[in-house]
Structures are given as C-alpha cells and as structure tokens.
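Asker: Okay, here's what each chain looks like letter by letter:
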Amino acid sequence: MRAPRSELPIRIEDVSLRSGSVTILESVSVVLAPGAPTVLIGPNGSGKSSLLRLATGLVSPTLGRVTWGGRVTTGGDRCAIVFQRPVMLRRSVAANVAFALRHEAKGRRHRADRIAELLDLVGLAALGARPARRLSGGEQQRLALARALARDPEILFLDEPTANLDPAATKAVEDIIVQVAAAGVKIVLATHDLGEARRLAGEVVFMLRGRVSESAPAPSFFAGPATQEAQAFLNGDLMI
Amino acid sequence: MINGMQNGVSALDLIIGGDLALYAIISLSLIVSVSATLLAAAIGLPLGALLALVRFPGRAVMVVVLNAFMGLPPVVVGLAMYLLLSRSGPLGFLGLLFTPQAMILAQAVLVMPIIAALTRQTVEDLWVEYRDEMTAMRVGPAGRVAALLWDARFSLMTTLLAGFGRAAAEVGTVMIVGGNIDGFTRTMTTAIALETSKGDLPLAIGLGIVLIALIIAVNAAAGAARRLGELHAG
Chain P
1 MRAPRSELPI RIEDVSLRSG SVTILESVSV VLAPGAPTVL IGPNGSGKSS LLRLATGLVS
61 PTLGRVTWGG RVTTGGDRCA IVFQRPVMLR RSVAANVAFA LRHEAKGRRH RADRIAELLD
121 LVGLAALGAR PARRLSGGEQ QRLALARALA RDPEILFLDE PTANLDPAAT KAVEDIIVQV
181 AAAGVKIVLA THDLGEARRL AGEVVFMLRG RVSESAPAPS FFAGPATQEA QAFLNGDLMI
Chain U
241 MINGMQNGVS ALDLIIGGDL ALYAIISLSL IVSVSATLLA AAIGLPLGAL LALVRFPGRA
301 VMVVVLNAFM GLPPVVVGLA MYLLLSRSGP LGFLGLLFTP QAMILAQAVL VMPIIAALTR
361 QTVEDLWVEY RDEMTAMRVG PAGRVAALLW DARFSLMTTL LAGFGRAAAE VGTVMIVGGN
421 IDGFTRTMTT AIALETSKGD LPLAIGLGIV LIALIIAVNA AAGAARRLGE LHAG
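Chains P and U supply the protein sequences, listed in that same order. Taking our numbering, the leading residue of the first sequence gets 1, the next gets one more, and so forth. Taking our numbering, the leading residue of the second sequence gets 241, the next gets one more, and so forth.
If you're looking for bench data, these hints aren't it; they were derived computationally from the structure. Computed from a prediction, not measured in an experiment: that's the story for all the values here. One should not assume that every hint holds.
[Stated by the list, open to error] Covered, in the sense of this in silico footprint (three residues per stretch, anywhere, with C-beta under 8 Å from a C-beta of chain P), are these stretches of chain U:
1. 360-372
2. 376-384
[As the list claims (entries may be wrong)] Non-contacting residues of chain U with respect to chain P, defined by C-beta distances greater than 10 Å in every case (computed):
3. L290
4. L293
5. S328
6. Q341
7. A387
8. T436
9. L441
10. A460
Where is the CB? At the ideal position from N, CA and C, for every residue including glycine.
Make the full structure from the sequences, and use the hints.
Answerer: Put into structure tokens, the structure is as follows:
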C-alpha cells in the first residue's frame, strides 16, 4: 500500500479572508513546517481561529492561496482539529471515538483495539460507556482529542483547547499534546494564554487585528520580541 | 344525562367483556396506523434529513410545499388514492382498493409530510451545532444523514408520535379507500362514525374511550422510552 502523501509544509501565501464587508485576515503569510509545535498567540479577535480554519481547509481564502505539501487541493485530508467548544455526539464516549474511526475505513477488529488505545491515551479508558455529554469540560476536551487522533492526523490543530479549563484539566490536556507531538504529529495551537504558549511552543506566530505581526522561534520571541505590539502583549498590556 | 351514563356503562361492559368485534376493530386500527407511520417514517425521515442538509435549486419551494402538506385534507388524499387504486386507475392492477393495505398506503401519504417537515426542522437545527465537527471529520453526506437522524432520535420520537396521532385519529381517508367493510376494513374511527349515525352510542363511546386510551398509552410508553434513552445516551 502506498504511504499517504505528506501535507506538510502547509503554506499560507498572502491570504486575505473576508466575510461581507468585514476583513478577518489581511495579507497573511505563514509556513507550517514539520517539527516542534507552532503556537498562534494574540488577543481575542486577532484571527487565530480563522487562520486555523484556513489551514485545515474548512474555509477558503478570499484572496491568496493555501497549499498542502506543495499541492493546491480541497485541503486538509490529513489534518484534524479540536475546537474550543467541541460538540459531543449524543452517544457514549467510546461511540464518539468509534464514529470518528468509522469514517477512516478501518476494519471492525482494528477499530475496537484503536478505540481502547485512544481512550487510554487520553485517560478516559474507564469512562468508555458513559454518555459523552455527561463528561466534565476537561474530559470532553480529552475526548475531542481522542476523536481527532482517530483520524491518524499528520497535523493536529487545536483552537484554544484549554480556554475554559481549570489548571488540573489544562495540565491533562497539555500532557496529551506533548505526547502527541513527541510521536511526530505536527501541532498547531491557537491560544491567548501566554503560559501555555511558553510551555508548548517551538515556534510562535503573533497575530494582531487579522495580520501576522511577528513570527519567530519560541525562545527568541519570549526573550525579546521584535515588535512593540508583541512586547506589549507579553507585558500583559490591554490591546484594543 | 341518565341516558349518557347508561351509554357509558354499556361501553365499559363491551370493553371489559372482551367483545370480539370490538377487539378486531381495535387490532386492525393499530395495525393500520402503526404500519402507516412506519412506512411514512421510512420515507419521511431520510427525506427530511436530506432537505435539511443538501442545498439544491428549488429546495425552498419544496420546503414550503412540504410544510403546507402537513395540513393535507384527508378526504382529498382519500379521493386521490381512490382514483389511483380504483380498477381503472394507474395502480388498479394491484387490486388494493377496499383492503387494509390501501388504508395503510393512504394514511402513509397523509402522515409522510408531517414526519418529513418536522424532521427537516429538527435536523437543520442540529446541523448548526454539528456542522464544524462533521466537516472537520470529513463525514460524507450519507454519514451526516445517518448521524444526525440518530443523534436527533429523541426529538424525532415526538415527530413519529405526531404522525401516529394523525394516522390513528384519521377517518376520511380510510373511509374512502377502505370502504368501512365490517370485519375487514373497519377501524375505530370509521366504526365510531358509523355507529353514531346508526344511534348505537355504547359501541361508539366504547371505541372512543379505547382510541383515546391507546393514544395516551403509546405516548406514555414513548415518553418513558425517551427518558430512559436520554439517561443512557446523554
């Protein structure tokens, strides 16, 4: 069987995204290459989530283009995304994962093993039979991660996955992200939590008002950002 | 007043006494209404879901027509089905006129728009919630229809009950295509109409009590099943 073609790097080239008269992204260029996690940071409304949706192929740019592994396709066949507020299907925890696997054309026996493996990875093995909508917020995020990983993604996009979680639940989610990244999955994460960005980022893309203000390796960005806006954001200034 | 009470007591005697004619009518009514609802559901559920999920030219008109057909006059449906099934009609060769099968078909035609229209609305509302996840999971159209119908199952149970209620309470259509033949196509509603016109009020009242009791029982059972299901599925 031929190995699936890599979708990395994802090149977002001079992309603008508009909804009616509102400009959501303006002339954005970003390259998402294999390697350490890329973290998109910036205040609310800066365009982080929209950039993630573009990169997964969920929305198409108004101007510019997005390529996956050098190809212009409908995009994102090897991408998976976890949304800030994931929707749990009205069925059990295990059935939620099974649903994601069902659309991956795997055999039934393989599916059962894979469900067990994924639930174990996210620490929900004991809750397989529980209705997914009865899980806590943190557990739901971990289930959403399991569901996303069921697609064996090459690139995993995470849209503020810990935004509404307490520290313990945040740590549980971040531990899984680190583990998945160590297994070779490219992580692209949007957050406005600087602590999380420091803990996870290999590369930082700082966004402001629909533009990429700065892009740099995490150590140099946090040591001394090149732009005043990024410095103000790191200082905790209110950015309006 | 005294006359009315006497009729009521006679009606209860018929029910408790196990009147065979009464039970034959009850069982035929249930078979026809349940079969018609199931047949209408087999078409209406996927049709409603497809209308909710697929965009195509003329969809808006189809939705308006479907909503309007929820109020189809039963006698008009009965007449149309009569013309279709009568010996000289396009489906006359099937020989179904004045049979329970014809009654099932006619009631299904009446109930299907109700199930399809209510399903469309339910699935469309759920799709707003599920769209991003399903699109991200690359779920195809058939998978979406199946998943949304399954996840909306508790709401759709109410839709099916509305369809069953319409079928069980219906008289005009089954009277025209069934013919109200004693022991063969007589249902509770057609029997009530007939017995009332003949002045046999105890049987009419007895059937009325049973009809209402059955509808309440079916709804109660469905409600209990829904609560139980929600408890397990969340």
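Asker: Give me the numbers of the hints this structure contradicts, sorted from smallest to largest.
Answerer: 7
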